[in-house]
Amino acid sequence: MPFSIVAQIAVSGALMGLVYALVAYGFQLTYATSKSINFGQGELVMVSAFVSLSLIDLGLPYWAVVPLGLLFGALLGLAVERAAVRLALEQKSEGWILLTIITGLFLFSAAENVWGRDDRPFPTPIPSAPIHLLGVDVTGLEISVAVGVLAVMGLVELFKRRTLLGKAFEAVSADRDAGELMGISATRTVMLSYALSGGVAALAGILVSPITTVGPTMASAMILKAFSVAVVAGLESGFGVVVVGLFLGALEGLASLYIGSGWREAPGLALLILALAVRPTGVFGKAVIRKV
Amino acid sequence: MLIVTNLHAGYGLSEVLEGASLNVKAGTVVALIGANGAGKTTTMRAISGLITPTRGEVLLDGKPVQGLGAAKVARLGLAHSPEGRKVFAPLSAEDNLLLGAFPWLPRFFGFRKKAAPDLERVYGLFPKLAERRLQLAGTLSGGEQQMLAIGRALMARPKVMLLDEPSMGLAPVIVQEVFRTIERLKAEGMTMLLVEQFARAALEVADYAYVMERGRIAVEGTPAELSRDERVLAAYLG
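Quick note, the sequences are listed as chains L and Z, same order. Residue 12 in our numbering sits at position 12 of the first sequence; the count goes up by one each step and never skips. Residue 140 in our numbering sits at position 140 of the second sequence; the count goes up by one each step and never skips.
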């Protein structure tokens with residue numbers, strides 16, 4: 001097989017892998033503040049994509065729909081926190097696992113009833129014509145995925161490092177009680193993390209929809225792979241999910257090329273099992289240095 | 001400034017505090033001493049709201065604050081430097097200090113500039129921290145972490161400071177340094193409630209002291225009075 005085709009498929013796959021990285025980043029955000037993750041995150045991706053599509057149907061321009069879609073995702077994240085997470089965390093229970101799964105199922109059924117079961121195309125002004133770049137063809141849509149993912153993750157990281165509220169976010173992640181003693185409300189910090197996580201999920205939906213179409217099941221495979229990426233990279237490192245996302249995306253492309261398209265989903269699960277067996281803290285998971 | 005009346009609190013079904021009462025007047029240092037497990041740390045945690053008291057009242061500057069939760073109590077002017085220091089290990093020393101001032105700093109931009117005078121003051125008090133300001137707090141030595149914890153509490157510009165076991169696990173030289181700092185803060189007029197294992201050192205700096213036994217205040221008085229009390233002498237100052 002000519003190398004150019006292999007490179008082409010690896011690059012396209014890697015760019016799609018950035019979407020997994022973005023969703024995995026959403027897992028990291030809530031895990032940092034509350035040690036909880038939303039197992040219905042895929043439904044947040046899907047419902048936000050549907051809502052954005054409906055806004056486009058209403059005649060709003062794409063560039064107005066993007067921020068509105070993100071806002072909707074953030075609100076939905078807040079709703080999940082309120083409905084499924086907060087009470088469980090207050091009672092120091094693991095009930096959020098089941099409750100977030102249930103919230104996801106509820107959103108799934110609601111989406112099927114409101115928007116139907118069919119996959120629908122997502123119109124976008126971003127050109128899908130390929131651009132020749134360093135020997136491979138990259139479409140405008142793929143570039144928009146890369147730019148969107150990296151820009152938003154960069155912004156969130158800047159927020160965490162450069163603003164006092166962001167440092168407070170890190171403080172609560174490091175030591176919830178000590179954060180409270182500084183006057184930082186842990187509850188509000190957890191809410192903030194769920195809002196950010198919801199916004200990030202919505203962005204993933206908006207970025208990927210023009211490529212994959214919008215449907216109730218659009219995120220069910222994606223979420224598994226995002227979960228793999230989060231576990232393989234470790235639940236702490238934003239840089240880690242990007243690297244692992246790119247890697248897994250490329251691997252999926254190559255698996256479907258060499259083994260067959262039915263094997264596309266296999267590398268994600270294989271990596272997940274491998275990581276859990278060999279390095280459960282994740283490749284980029286770090287033990288905090290602490291002197292006592 | 002801080003009046004605690006008949007405070008009951010515990011963990012789950014086990015009650016640790018069974019009606020503790022104490023009074024910390026403005027500008028004074030009050031020591032809370034007692035054996036391990038007497039309920040000193042639980043008293044601190046119940047005052048600052050880290051645990052919710054089941055009964056009793058905590059008045060901070062005349063306002064009842066029990067049951068408000070730690071974050072609100074902190075914003076009302078109570079700074080609690082907890083047992084075991086609890087610095088934010090993955091953040092730099094300076095970020096730890098800035099977070100101490102969270103209640104009164106702007107949330108997004110310009111907070112560094114606004115905090116500069118207070119940072120100066122803390123660095124003046126602890127020159128070591130100035131040297132290590134960009135180092136991650138988790139990599140500081142125990143003594144440095146303790147100074148950071150006290151500095152972080154000071155950054156809040158608190159009305160009352162609670163210091164829980166500031167000497168714990170530190171070398172004797174560093175313990176002396178910690179007590180010198182407490183004396184200096186006292187001279188500046190800071191109101192403090194101090195929990196200490198080193199009863200003798202605590203009584204030297206305190207204006208008034210309470211001795212806890214099994215969740216209650218057993219004896220109270222000025223350090224001079226307590227030093228004459230035979231039971232206290234035998235149990236804590238022996």
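Incorrect hints may have been included.
Taking lysine-lysine and the DSS-like style, the derived pairs with C-alpha atoms no more than 27 Å apart in a straight line are [what the hints assert, rightly or not]:
1. L:Lys160 <-> Z:Lys72
2. Z:Lys159 <-> L:Lys35
3. Z:Lys186 <-> L:Lys160
4. Z:Lys63 <-> Z:Lys159
5. Z:Lys86 <-> L:Lys160
6. Z:Lys159 <-> Z:Lys128
7. Z:Lys63 <-> L:Lys160
8. Z:Lys63 <-> L:Lys92
9. Z:Lys128 <-> Z:Lys186
10. L:Lys92 <-> Z:Lys114
Just so you know, these hints were derived from the structure itself, not from any lab. Here the structure is a predicted model, which means the values were calculated and not measured.
Given hint Lys160 of chain L paired with Lys86 of chain Z - CA-CA distance at most 27 Å: holds, 20 Å
Quickly compare the C-alpha distance for Lys128 of chain Z and Lys186 of chain Z to 27 Å and report which way the hint goes. Roughly 21 Å separates the two Cα atoms, so the pair holds.
Would the hint linking Lys159 of chain Z and Lys35 of chain L be met if the CA-CA limit is 27 Å? violated, 33 Å
Is Lys63 of chain Z close enough to Lys92 of chain L, meaning Cα to Cα at most 27 Å? Measuring from Cα to Cα gives roughly 30 Å; hence the hint is violated.
So if I understand the rule, the pair passes when the alpha-carbon distance is 27 Å or less; does Lys63 of chain Z with Lys159 of chain Z pass? The hint holds at about 12 Å.
Are Lys92 of chain L and Lys114 of chain Z close enough, with their CA atoms no more than 27 Å apart? violated, 38 Å
Pair hint Lys159 of chain Z and Lys128 of chain Z, alpha-carbon separation not exceeding 27 Å: With a Cα-Cα distance of about 25 Å, the restraint between Lys159 of chain Z and Lys128 of chain Z holds, given a limit of 27 Å.
Pair hint outcome, Lys186 of chain Z versus Lys160 of chain L [Cα-Cα no greater than 27 Å]: Measuring from Cα to Cα gives roughly 36 Å; hence the hint is violated.
What's the verdict on Lys63 of chain Z and Lys160 of chain L, does the C-alpha distance respect the 27 Å limit or exceed it? The hint is violated at about 34 Å.
Starting from Lys160 of chain L, check that the Cα of Lys72 of chain Z is at most 27 Å away, please. Distance of about 23 Å is within 27 Å: holds.
Hints 2, 3, 7, 8 and 10 from the list above are not met by this structure, while the remaining hints are.
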